[in-house]
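Engineer: Chains as they are written, first to last, in the working numbering: chain A, 1 to 146; chain B, 1001 to 1136.
No lab work stands behind these hints, which were simulated from the structure alone. Among the hints, a few may not be true.
[What the hints assert, rightly or not] With beta-carbon atoms standing in for the labels, derived distance ranges: (1) B/A1124 - A/L79: 47 to 53 Å; (2) B/N1063 - A/Q83: 35 to 41 Å; (3) A/D115 - B/E1081: 16 to 22 Å; (4) B/E1081 - A/K91: 49 to 55 Å; (5) B/R1130 - A/D65: 35 to 41 Å; (6) A/R96 - B/H1091: 17 to 23 Å; (7) B/E1125 - A/R105: 48 to 54 Å; (8) A/R124 - B/R1130: 41 to 47 Å; (9) B/R1130 - A/L79: 49 to 55 Å; (10) B/R1127 - A/L77: 51 to 57 Å; (11) A/T51 - B/A1124: 53 to 59 Å; (12) B/T1065 - A/Q83: 33 to 39 Å.
[As the list claims (entries may be wrong)] Below, computed lysine to aspartate or glutamate pairings styled on DMTMM-like, alpha-carbon distance capped at 25 Å: (13) A/K67 - A/E120; (14) A/K122 - B/E1086; (15) A/K122 - A/D56; (16) B/K1112 - A/D56; (17) A/K122 - B/D1113; (18) A/K67 - B/D1113; (19) B/K1122 - B/E1041; (20) A/K91 - B/E1132.
[What the hints assert, rightly or not] Here are a few chain B residues that face chain A, going by a calculated C-beta distance under 7 Å: (21) V1036; (22) F1037; (23) E1038; (24) D1048; (25) A1082; (26) L1084; (27) G1114.
Since the model is a prediction, treat every value here as computed from it, not as a measurement. Where is the CB? At the ideal position from N, CA and C, for every residue including glycine.
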Amino acid sequence: MFGSLSNFENLFEEFRRMEQDMDALLGNWAAPAGIRAVSRGQFPAANVGVTGDSVDVYLFAPGIDPKKLELSVQQNLLLVAGQRQLPVDEKATYYRRERFGGEFRRVITLPEDVDPERVEAKYRDGVLHVSLRRKESSRPRQIAVH
Amino acid sequence: MNDRQDIATRASGDVQRNGEDESRRSVIVLRPPADVFEDGEGITIALDMPGVSKDRLNIQTDNKTLTISGDVEFAMPQVMEAMLAEVQSTHYRRSFALSGELEPGQAEASLKDGVLSLRIPKRAELRPRRIEVRAA
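Isolated chain B, as found in the complex:
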């Protein structure tokens, strides 16, 4: 198991621990589905968080963990009766464990139509370098 896969597997463990903390306060937290992929320059995370606007999105990071949370906001009549309720919370939260070669401080985020895109670059000195082979 290399470092990278470790990030991927540990991530879900962290999320579920968060979920447990939340459940003690009896709050249901949605775990937004994620795509995670890596290229030479960094890692990109795409998260589906429909209903979350820019000012209700919160991205926190130290060098080890990245936590994304957000609240859904939409106007709903007070006296509404639920006929169908597949989405049962207005809170999203998900955490990922980071590895040392990433620079979360340099991360860039964009939110469009309920999709959050997060780009975390690798430290410049750790990016793969192309080695040119000269003809002898």
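Excised from the complex, chain A in its bound form:
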């Protein structure tokens, strides 16, 4: 049957894709997983970038009312929690339901030296950008040699 044949093709493609993902993971982004990291495919997906004086967290949370998000920083832990309600049309026939719906809660471990007093958060195009400053004392300092 055609159906089962294409399923096999999909399976092989899926393995190929996994391999590519692994390559990408080990190649460009060899970021170690944090102890509070959860399995992949978690909502919202997160990217965290660090520079000498700032930490930027990007949470990929499309279709959410930012006013209903719970966002807090405790020491070096960033907590984000909320709910994503997907409208369901009872009369319609669903063929795919891949999007995340329901409650979510994520804790992201940040560098030890973030300043919990200086945090800014913006929500744009479904991405929540949390920008944190690092404490002065821990920034690399240029030392003049005389």
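The hints should help you fit chain B onto chain A, whose structure is shown.
Structural biologist: The following block gives chain B in isolation, referenced to the frame of chain A:
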């Protein structure tokens, strides 16, 4: 297997072929998660594409295929070091095979907070008609 299910199963095959083409150029492409549902008037597709703005979204269609692609844009410091990287690309792409009773030329799309909603109506003559039963 009726026509409709065929759309649904063939869709993922198309996407993966696209993915393969992209991989030859060693570009990782994200496959946005989709909800697809149908009522009497047409089919609705909802896609999660966080980070994509209206002017970076591209929807292409001929009568057989619908391809949605988009790029994520956000300001990032140049010297940033990745501590955690779950989203590993800024490119989204996904294709769906269409069936003949749909009118992709009449499709309507809206993008809000990173969610794309696409409504493809059925041809008017093919929409289910309600037949009234008169009392004899």
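Engineer: Each hint should be assessed against the structure and marked as holding or not.
Structural biologist: Status of the hints after comparison with the structure:
1. At roughly 51 Å, the beta carbons of B/A1124 and A/L79 sit within the given window of 47 to 53 Å.
2. Between B/N1063 and A/Q83 the beta carbon distance is about 39 Å. The supplied range of 35 to 41 Å therefore holds.
3. Hint check: A/D115 to B/E1081, Cβ distance near 19 Å, so the stated range 16 to 22 Å holds.
4. Evaluation of the 49 to 55 Å hint for B/E1081 and A/K91 yields a pass: the beta carbon distance comes to about 50 Å.
5. Evaluation of the 35 to 41 Å hint for B/R1130 and A/D65 yields a pass: the beta carbon distance comes to about 37 Å.
6. Separation of A/R96 from B/H1091 is about 21 Å and conforms to the stated range, judged on CB atoms against 17 to 23 Å.
7. B/E1125 and A/R105 have their C-beta atoms about 49 Å apart, which keeps the hinted 48 to 54 Å range intact.
8. Hint check: A/R124 to B/R1130, Cβ distance near 44 Å, so the stated range 41 to 47 Å holds.
9. Evaluation of the 49 to 55 Å hint for B/R1130 and A/L79 yields a pass: the beta carbon distance comes to about 51 Å.
10. The supplied range of 51 to 57 Å is met by B/R1127 and A/L77, whose beta-carbon atoms lie about 53 Å from each other.
11. For A/T51 and B/A1124, the hinted distance range of 53 to 59 Å is satisfied, since their beta carbons lie about 57 Å from each other.
12. Between B/T1065 and A/Q83, the C-beta spacing of about 35 Å keeps the proposed range 33 to 39 Å intact.
13. Under the criterion of a C-alpha separation no larger than 25 Å, the hint pairing A/K67 with A/E120 is consistent with the structure, at around 14 Å.
14. Taken as a hint, the A/K122 and B/E1086 pair is honoured in the structure, with Cα atoms around 20 Å apart against an allowance of 25 Å.
15. In summary, the hint linking A/K122 to A/D56 is supported, as the alpha carbons are separated by about 11 Å, within the 25 Å threshold.
16. Taking the CA atoms of B/K1112 and A/D56, the gap is about 23 Å. The hint holds against a cut of 25 Å.
17. This hinted pair checks out: A/K122 and B/D1113 have alpha carbons roughly 12 Å apart, not beyond 25 Å.
18. Under the criterion of a C-alpha separation no larger than 25 Å, the hint pairing A/K67 with B/D1113 is consistent with the structure, at around 13 Å.
19. At most 25 Å may separate the alpha-carbon atoms for a hinted pair to count; B/K1122 and B/E1041 meet this at roughly 6 Å.
20. In summary, the hint linking A/K91 to B/E1132 is supported, as the alpha carbons are separated by about 20 Å, within the 25 Å threshold.
21. A distance limit of 7 Å between C-beta atoms decides the matter here; for B/V1036 the minimum to chain A is near 4 Å, and the interface restraint holds.
22. Here the hint on B/F1037 is kept, as its CB sits about 4 Å from the closest CB of chain A, short of 7 Å.
23. Annotation: B/E1038 was flagged as interfacial toward chain A, and the flag holds, the nearest CB pair being 5 Å apart, inside 7 Å.
24. This hint holds: B/D1048 has a C-beta 5 Å from the nearest C-beta of chain A, less than the 7 Å allowed.
25. Annotation: B/A1082 was flagged as interfacial toward chain A, and the flag holds, the nearest CB pair being 5 Å apart, inside 7 Å.
26. Checking B/L1084 against chain A by beta carbon gives a least distance of about 4 Å; that is within 7 Å, so the hint holds.
27. Below 7 Å, beta-carbon pairs count as interface contacts, and B/G1114 has one with chain A at about 2 Å; its hint therefore holds.
Checked against the numbered hints given earlier, this structure breaks none of them.
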